[in-house]
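Asker: Sequence:
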Amino acid sequence: MTVFIETDPSTADLLAFADPREAVRDLGAVLGARRVLETVGDGVRRLDATFRGDLTGSVAQAGARLLGELDLGTVLLVAWTRYRALVDAGHRTKGPDGGAEVVRLAEHTITSEHAPWVEVLVEGQQAYRVDFGVKLEFVIASLNAYVAHGRLTNLHAGDCTATITWSVRDFPIKQTKFARSIPLRVRLGDGIPLVRDA
103 MTVFIETDPS TADLLAFADP REAVRDLGAV LGARRVLETV GDGVRRLDAT
153 FRGDLTGSVA QAGARLLGEL DLGTVLLVAW TRYRALVDAG HRTKGPDGGA
203 EVVRLAEHTI TSEHAPWVEV LVEGQQAYRV DFGVKLEFVI ASLNAYVAHG
253 RLTNLHAGDC TATITWSVRD FPIKQTKFAR SIPLRVRLGD GIPLVRDA
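Letter by letter, the sequence shown follows residues 103 to 300 of our numbering.
Keep in mind the hints are simulated off the structure, nothing from the lab.
The C-beta atom is built at its ideal place from N, Cα and C for all residues, glycine as well.
Wrong hints could be hidden among the right ones.
To be verified - Calculated lysine to aspartate or glutamate pairs in the EDC-like style (CA-CA distance at most 20 Å, straight line):
#1 K279 to E239
#2 K279 to E203
#3 K237 to E171
#4 K276 to D233
#5 K196 to D292
#6 K237 to D272
#7 K196 to D299
#8 K279 to E209
#9 K279 to D261
#10 K237 to E215
#11 K279 to D173
#12 K276 to E171
#13 K237 to D299
#14 K276 to E239
#15 K276 to D173
#16 K276 to E215
Stated by the list, open to error - FRET-style restraints, in silico, Cβ to Cβ:
#17 D272 to G226: 27 to 37 Å
#18 R184 to D261: 15 to 25 Å
#19 G201 to D233: 27 to 37 Å
#20 W219 to R184: 17 to 27 Å
Working from the sequences, and respecting the hints, build out all of it.
Answerer: Here it is as structure tokens:
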């Protein structure tokens with residue numbers, strides 16, 4: 103069974119940029135202007151200027167793809183299934199006679215940090231690695247979570263402010279703050295287990 107939360111925007115690149123191609127452009131500018139690639143090791147310093155330019159473009163495209171693969175709905179769902187109040191409700195409602203509960207979370211913050219990287223190979227050998235940082239912060243006004251038989255079965259969230267900070271080797275690329283109602287279209291089917299054997 104596939105379970106997902108569909109958000110708008112749906113991925114980190116769309117949260118940070120109106121057009122995902124802007125992610126490649128901005129990352130390429132940071133890599134070129136700050137000479138970030140030259141901070142990762144001696145190998146890149148020895149590369150000729152043409153190859154360095156091609157490499158900057160390739161790393162920018164790979165970095166933007168990493169950002170595009172970060173699904174915001176999954177980040178939220180994983181975080182909510184770890185909230186103590188929801189796990190406790192999962193324990194109380196576990197089993198066929200456990201019943202159901204509505205758990206209300208007041209304003210709360212979900213922070214998720216990711217450290218993807220791109221390895222660059224030159225003639226089949228690893229020349230260096232480019233480390234990225236992605237920090238997502240969601241401030242959610244309220245959440246009603248429905249828990250039945252140890253499983254999270256439904257979610258209704260209020261307004262949300264989402265902030266994304268994207269960096270490469272500690273150089274900032276973009277920070278975006280986005281406020282809106284979360285348009286959750288939740289398809290939890292039989293629910294997400296909050297406790298083992300639920």
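Asker: Taking the earlier hints as the rules, which of them does this structure contradict?
Answerer: When the structure is compared with the hints, numbers 2, 13, 19 turn out to be violated.
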